[in-house]
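Protein chains: 2
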Amino acid sequence: MTKRSIGPQTTVAVHPMVIVGTYAASGRPNAMAAAWTGIVSSNPPAVGVSVRPERYTHQNIVRTKAFTLSVPGEEHLAEADFFGIASGRDTDKFEATGLTPERATKVDAPYVGEFPLVLECSLIETVELGAHTQFIGEIVDVLVDEDCIGEGDRPDLLRIRPFLYDAFGFGYHSVGPRVGDGFKAGRRFLKR
Amino acid sequence: MTKRSIGPQTTVAVHPMVIVGTYAASGRPNAMAAAWTGIVSSNPPAVGVSVRPERYTHQNIVRTKAFTLSVPGEEHLAEADFFGIASGRDTDKFEATGLTPERATKVDAPYVGEFPLVLECSLIETVELGAHTQFIGEIVDVLVDEDCIGEGDRPDLLRIRPFLYDAFGFGYHSVGPRVGDGFKAGRRFLKR
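Chains as they are written, first to last, in my numbering: chain X, -8 to 183; chain Y, -8 to 183.
None of these hints come from the bench; they were simulated from the model. Some hints could be false.
Stated by the list, open to error - For lysine-lysine, the following PhoX-like pairs were computed, each having C-alpha atoms within a straight-line distance of at most 20 Å:
1. X:Lys(-6) <-> Y:Lys(-6)
2. Y:Lys56 <-> Y:Lys97
3. X:Lys56 <-> X:Lys97
4. X:Lys97 <-> Y:Lys(-6)
Small disclaimer: the values here were computed from a predicted structure and weren't measured.
Go ahead and model the full structure; you've got the sequences and the hints to work with.
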């Protein structure tokens, strides 16, 4: 297949959508949408999230050295999108959406009570990259809604109903059905 | 909704699936599957991918300071999974799968010719995190299959057909339909 060069584009096709929860100096909880995030290490278990220095969230993380990532279900897509439009400097985003800021138990940060999956993170690395700072947090605990626990007592992706961000089309997509088994689908290519 | 604490888990629900392409010292192309990856900065346009120090790919990136990320379509799920099972130390993974290593034009690394989306990356930062090293590459070019270009002359996610990794269920999921518009769905919460 012929390929077209489209120049530097910031996309790996599939992007998670998370809400970064932090406390402002005043104690007010804030929430910011982020798609530039992902797991960066298994031990320590760690996640990275990139935030522009001018965002309100940035100074909050620098000060508290803590944040949460709340993963919205599809039923809260509009609220999650709003968290990426408004700024916590002039808006109480929890009040505007009616969502509930809950205090994390293990780190100094709030999470979105209505969202099914929450990572509590303690800042361990800060990587300055130009337009963005990548904050790397150790994942000290994960919270899951009881009704999202499925087979094998494990969280079930299709019950969490996360959605993903498409940077090409500036849109959100749902997660489709399971189409393969990890570390198994490719065994047919192993030499006997 | 009552939440259950499940301890530190390395997941943000949605994980991209990419194949890291590198050259070995012998010149042999290698490919490794990675789900711990994501965009980390817009300027410079940069992507991070985490690799265990014991992986063959690790020493290749350290030596060449370059890598590609090839995003597989669903039709190559088994091959992509295989790239995460076998090691380039004892296997020519391109030969085993019948896929074609193509030489990137802007960096010293190979990509998977049959995969619809390719990022050519030049190493700019190395972050040591314990079990993993996060390699951050500047995205110097992106290649897309001509038949994946859609409306507005933009790459179309549903033609690329990427799939995502579910760390809870050790499985792959397809990308579902578009369910919302970015920076638009949440406008209803803006104060008038």
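Structure-based check of each hint:
Between X:Lys(-6) and Y:Lys(-6), the direct Cα distance comes to roughly 47 Å. Violation of the 20 Å bound is thereby established for this hinted pair. Distance check on the hinted pair: Y:Lys56 and Y:Lys97 sit about 12 Å apart at the alpha-carbon level, within 20 Å; holds. Straight-line distance between C-alpha atoms of X:Lys56 and X:Lys97 comes to about 12 Å, which keeps the hinted pair within the 20 Å bound. The straight-line distance between the Cα atoms of X:Lys97 and Y:Lys(-6) is roughly 14 Å, inside the 20 Å bound, and the hint therefore holds.
When each numbered hint is compared with the structure, a violation occurs for hint 1 only.
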